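Throughout the sequence shown, residue numbering follows my numbering, covering 1416 to 1693 in sequence.
Where hints are given, some of them may not hold.
Pairs of lysine to aspartate or glutamate, DMTMM-like flavour, derived with a Cα cap of 25 Å [claimed, not checked]:
| # | residue 1 | residue 2 |
| --- | --- | --- |
| 1 | K1692 | E1677 |
| 2 | K1675 | D1550 |
| 3 | K1692 | E1670 |
| 4 | K1675 | D1658 |
| 5 | K1692 | D1550 |
| 6 | K1679 | D1550 |
| 7 | K1675 | E1687 |
| 8 | K1675 | E1686 |
| 9 | K1679 | E1468 |
| 10 | K1679 | D1658 |
Using C-beta positions, here's what the derived DEER-type ranges look like [claimed, not checked]:
| # | residue 1 | residue 2 | range |
| --- | --- | --- | --- |
| 11 | R1546 | D1476 | 40 to 48 Å |
| 12 | G1683 | G1548 | 38 to 46 Å |
| 13 | D1575 | D1527 | 21 to 29 Å |
| 14 | E1687 | D1534 | 16 to 24 Å |
| 15 | R1663 | S1514 | 15 to 23 Å |
| 16 | N1483 | W1678 | 35 to 43 Å |
| 17 | E1447 | A1471 | 32 to 40 Å |
| 18 | S1478 | T1500 | 38 to 46 Å |
| 19 | R1663 | A1601 | 32 to 40 Å |
| 20 | D1542 | L1426 | 33 to 41 Å |
Derived by calculation from the structure, the hints in this document are not laboratory data. Model, not experiment: these values are computed from the prediction. Even glycine gets a Cβ: it sits at the ideal position worked out from N, Cα and C.
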Amino acid sequence: MSNLTHGPSRLSISEVDKGSFGPSFIIQPISEHTHTAVILHGRGSCGEEFAQELLASTLSDDSTVVGNFPNWRWVFPSSRELWSTAFREHLPAWFEAHSLTDPTARQDLQVDGLCESIDYVSHVVQDEIRRLGGDQTRLVLGGISQGAAVGMWALLCHRDQATGIGGFFATSTWLPFAAGVEQVLAGQQTGQSDGTAAAAAANTRLNDMLLSKMANVAGGLHGSVLQTTPILMGHGVDDAYVDVELGRRAAQILEQGGGKVEWKEYEGAEEEGHWYKA
1416 MSNLTHGPSR LSISEVDKGS FGPSFIIQPI SEHTHTAVIL HGRGSCGEEF AQELLASTLS
1476 DDSTVVGNFP NWRWVFPSSR ELWSTAFREH LPAWFEAHSL TDPTARQDLQ VDGLCESIDY
1536 VSHVVQDEIR RLGGDQTRLV LGGISQGAAV GMWALLCHRD QATGIGGFFA TSTWLPFAAG
1596 VEQVLAGQQT GQSDGTAAAA AANTRLNDML LSKMANVAGG LHGSVLQTTP ILMGHGVDDA
1656 YVDVELGRRA AQILEQGGGK VEWKEYEGAE EEGHWYKA
């Protein structure tokens, strides 16, 4: 922890959370608590590792993110470990992603993990909102890669659709089941399967998931959380892991649903373009 600029008394790790999700890594505010950021790691990482990587990074003026927001509480939840059909091993992951080149590949494998992670992240968010006296405009949700993908879904499924949260940010990500989300936001039914048994089963479960979890935003209701939450999305044009076109499509769908998205593209970010860049 020596690479972080704040004292160890501010750091804590929660007890292991329900449903075998890993512990959350938490950085407490220096002074009176006014805001909270819930930030989700990508596949293969965990809350503590991601926190160290992100918070050790400096901004253009050599300051740190945490140093600029002394009244903020920083919460880094951890996913569970899942069997990866692509890598043939157990990895920390929010859901099974068989292919990052084609996010629609083996969607039947994605549904359960995605639903469970949405529910878990939503639980974390609601707990943090309670800590803020119920004022969800003082909470920011965000993440990177697969974590940001889950974060987008958690935003879409947020319990209180009448009032936006304080902000949402995402980088180097994609929107799982993008076509279905687009149709639901437009007030349409989700699409047909390609005829295979696995695809038909996945399509049925997808219909159930979309209609149940996005009931509050189906049809792009006026005043929905998308329309009242500031959204910042960024993606490296040279991202070696998630094609920038997938991020563009995610931003476009959120905009079509009424979201006011600020979109940023950049080049030369760390981690082969798969990272934040101010």
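Against the structure, the hints come out as follows:
1. K1692 with E1677: Between K1692 and E1677 the Cα gap is close to 14 Å, so the pair holds against 25 Å.
2. K1675 with D1550: At roughly 21 Å apart (the allowed maximum being 25 Å), D1550 and K1675 satisfy the hint.
3. K1692 with E1670: Roughly 22 Å separates the two Cα atoms, so the pair holds.
4. K1675 with D1658: OK: K1675 and D1658 at ~22 Å, within 25 Å.
5. K1692 with D1550: Violated, because 29 Å separates the two Cα atoms, which is more than 25 Å.
6. K1679 with D1550: violated (28 Å)
7. K1675 with E1687: The hint is violated at about 28 Å.
8. K1675 with E1686: Cα-Cα ~28 Å, so violated.
9. K1679 with E1468: holds (21 Å)
10. K1679 with D1658: holds (14 Å)
11. R1546 with D1476: 40 to 48 Å: violated (30 Å)
12. G1683 with G1548: 38 to 46 Å: holds (41 Å)
13. D1575 with D1527: 21 to 29 Å: Since the Cβ atoms of D1575 and D1527 sit about 26 Å apart, the hinted range of 21 to 29 Å holds.
14. E1687 with D1534: 16 to 24 Å: violated (32 Å)
15. R1663 with S1514: 15 to 23 Å: Given a distance of about 18 Å, which is inside 15 to 23 Å, the answer is holds.
16. N1483 with W1678: 35 to 43 Å: This hint is violated: roughly 23 Å between Cβ atoms.
17. E1447 with A1471: 32 to 40 Å: violated (25 Å)
18. S1478 with T1500: 38 to 46 Å: Taking Cβ atoms as reference, S1478 and T1500 lie about 42 Å apart, which means the hint holds.
19. R1663 with A1601: 32 to 40 Å: violated (18 Å)
20. D1542 with L1426: 33 to 41 Å: violated (19 Å)
The structure does not agree with the numbered hints 5, 6, 7, 8, 11, 14, 16, 17, 19, 20 stated previously, though it agrees with the rest.
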